[in-house]
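**Student:** Just so you know, the sequences run in chain order A and B. Numbering follows the numbering used here, in which position 202 of the first sequence is assigned residue number 204; successive positions increment by one, without gaps. Numbering follows the numbering used here, in which position 142 of the second sequence is assigned residue number 160; successive positions increment by one, without gaps.
Do not rely on the hints blindly, as some may be mistaken.
[To be verified] Distance condition first, Cα-Cα at most 25 Å in a straight line; then the derived DSS-like pairs of lysine-lysine:
hint	chain 1	residue 1	chain 2	residue 2
1	B	Lys134	A	Lys44
2	A	Lys111	A	Lys123
3	B	Lys48	A	Lys11
4	A	Lys44	A	Lys203
5	A	Lys111	B	Lys225
6	B	Lys134	A	Lys203
Derived by calculation from the structure, the hints in this document are not laboratory data.
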Amino acid sequence: MSGQNIFDKLQNIDRRVFYWVLFITLMVPFIMPIGLPVKVVKNTRDLYEGVTGDNINPGDIAIMNFGYGVSAWSECAPGFTVCAKALLREGARIVFMGAHYDVELSYNKLRSEAAEDFATKQYGVDYVFLGYFAGGESAIAQLATDSWTVYPEDHYRTPVSEIPLMQDFHGWQDVAVVLSSDTGDVGSYFLRQWQGAHGTKLAEIGIAMNGSTDYPYYLAGNYFGLSIGSRGGAELEVLIGEPGEATTAMDSINASHILIVLAVILANVGYLVQRRQA
Amino acid sequence: MAYPTATLDVIGLWTGWLLMLMIYSYPLYKENVTYRFAEHIFIGIFLAINLVVNFTNVIRICVTPLLGGDFMMIVPLVMGIMIYTMLIPEYRWVSRYPIAVLVGAGFGLGMRGVIKPSILDAIVSTITAPSTGAMMDWVNFLYIAVGLISSVMYFLLTYEHTGALQAPTRIGRLFIMIGLGAYFGNTVLFRFTMLTGRAQFFLQVLKIIPM
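This is chain B alone, in the form it adopts within the complex (with noise of 0.2 Å):
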């Protein structure tokens, strides 16, 4: 990408600039007027095009179908509305039954397409024991063996965990102690490469790197 020349271009790079300090100002610094209310011309914004995008959304795939003779339109029309019920406490219940059902219809999609990748292809592959002889390879095969049957073994809460259950117990709270740790670690590094993004901005925006 080269640095914008047309005005409102420019204009746009340095007001993402400007709010990005403001919103910086609060961690570097402390929370102050510039933070607010940048924080809050983001939330504006957003729900602004929230509202612009779902309501155009509505208009397209739901009520131009439905001016157009495509009369099965209606119910997912008549539901949505349905939803709205929930702020008037009396009517309140109306709204439970378009959530039943987009609830059932989401928990049916997802079981259609999970059983195999989530379950039946993970266990396979956790199963199978690596086809070729390199040593790491079986080093991981041995580990995630190890790890998966005594984490599993923590969860088994209808016995005490004393016993011939005290050790694999143990070694499976270390194993997801490890992988939640692994988890955070990489929550947290993503979040810097996010702030590696705005850093480059920060720097191109002044032309001190190129864009």
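With the rest of the complex left out, here is chain A (with noise of 0.2 Å):
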């Protein structure tokens, strides 16, 4: 092994050698942040313009799906978080949802995150929480004629007929706003059953992974705003004023992304040296 140049040493480098540098890198900035400046795009824009302003009536009722667990709380959380702290600024009405089992863990700390906001709403009245929903597609298809046959109780057992705010909530159009916040495939869900449907106002606050195949659907019209990973979450932190768990991770993911492009750019040359040598 003695003849290997610098670059066969690259191509034949133990992959967890990466992963240990790769990990460091991750959390050296969150020990010494750089502060890079965050942009605003115009789909987050759009998005936050959406349900603020007069775009947004004190009593509206917004509904809030959580379509993510726990492991993507660094993706979809803070982006989410930004979206309730702004409605119920707005004196709207939230309804939570979730299509993930750990729904309850994802709502606990959006409340944590929002306390404040929150401090000032009473239970049932200015926002309720319904829990996890069962049955894909055929329930919010469902949901959006008649509500009270999928959640006939919200997550603490109240029955719905008990909940003020559920006294106005049967259907779509109950609903001035529609956001989805997923991993998978619910956000989809309400697209097809209700902006598709009905022509409800949708917006989506999806991870980066699927921000390609969300993205013609904001262009499209068929989402009034987006938010892309925690990108998103940065650039509504930003445009609320208050930073939070994404700003302070953004330094950290791009770290994670200089380093990928590295990565990529001396494995290339790697390769185009090694077969040049051939």
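Take the two lone chains, each set in its own frame, and fit them into one complex as the hints suggest.
**Tutor:** Here you go:
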């Protein structure tokens, strides 16, 4: 092996070395923040403006769907939290629901992050947590026509007939806006069964992986706004003027992206040099 | 979120931290007994939660209304039981009926809302020229137009990709490769963002950074 040059060595590097470098690279910016600026793009601004100002009225009902689990908190939770804060500050009423078993953990986190906004609101009147729903797209379609049959009671087993907010929520016609934050398909269920079928105002707070599939729907006007991944979350935090979890994580994410770009360049240079030598 | 103070919460936090390290010991070191232990715990707990949640849902959505006099609920209940006949080879054919109903209903439901947002709106959005004179909007418009037409042409499999079809289909293949590359890149970077969350959690539990 003594005849190996630097490119040969890079081609045969143990992948565990890369994982260690990556893990350390991700952690360093948390300890020593760089503070790179976050530029707000149009799709995120449209989302924020769609849930603030003249676009939402006090008393309007908004559905916020947790389509993500604990594992995707870093991608979805910051942006979703900003939207909840914005809606509560506008006086909108929020119906929280979710398609993941661990939806209660995500809901508790959101409540904890927006504790000041929830402090002035009353459960059952200003917001309600319906919890997990089973049935996938059928349930979402049914929710549009008769929400009480999908959720006969809220997460805490209180019948919806005893919840004041739910007296005004029977189907799609009662809802001003739907915000869905997803790692999977639930956003597309709302797209088909609410936006496509009834023209409901819908926005997505999605993961970066789905950015390229969500974006055409934003361009076509099916989503009035779109937040993509942690970056979108950081942009929303900039818009509401409260730097939070996503803003803090952006340095780390940027560092990991730079590392990947360097790794791709190095690997390709190594490959080309090796091919030339051969 | 503040650092938890309740004993049970602190135990939960440290348990999560330890299990995370056990899982990461596989990529950072090699397969070992701690990794397998954490993996088995994860699978076991996941199955247990799945079972409890689904069983509770069947009771809540189906059995309780049935006992309350809603006899229509016997239909989904019987169909659900029919699916389990696939475990008995000689009665496996019975399970095909509920599955056929499920597939049919799912297809019908999906098609109901898919035409407008995924086909009509997408076509209109693609063929509509930018309303502003911004150069980048026109570049995007032309890029998408060329990409769409050439990519669709690549799938004209009833004609050989020679002659007049050679150039556009090659361009189409290029666009497809760029699209798949971008999608793969997004996927990798999404996983890294999840890893960022874990790195943050790692430091938060150790109180190196605030929670």
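**Student:** Taking each numbered hint in turn, which are not upheld by the structure, reported in ascending numerical order?
**Tutor:** Hints that this structure does not satisfy do not exist here, as all of them hold.
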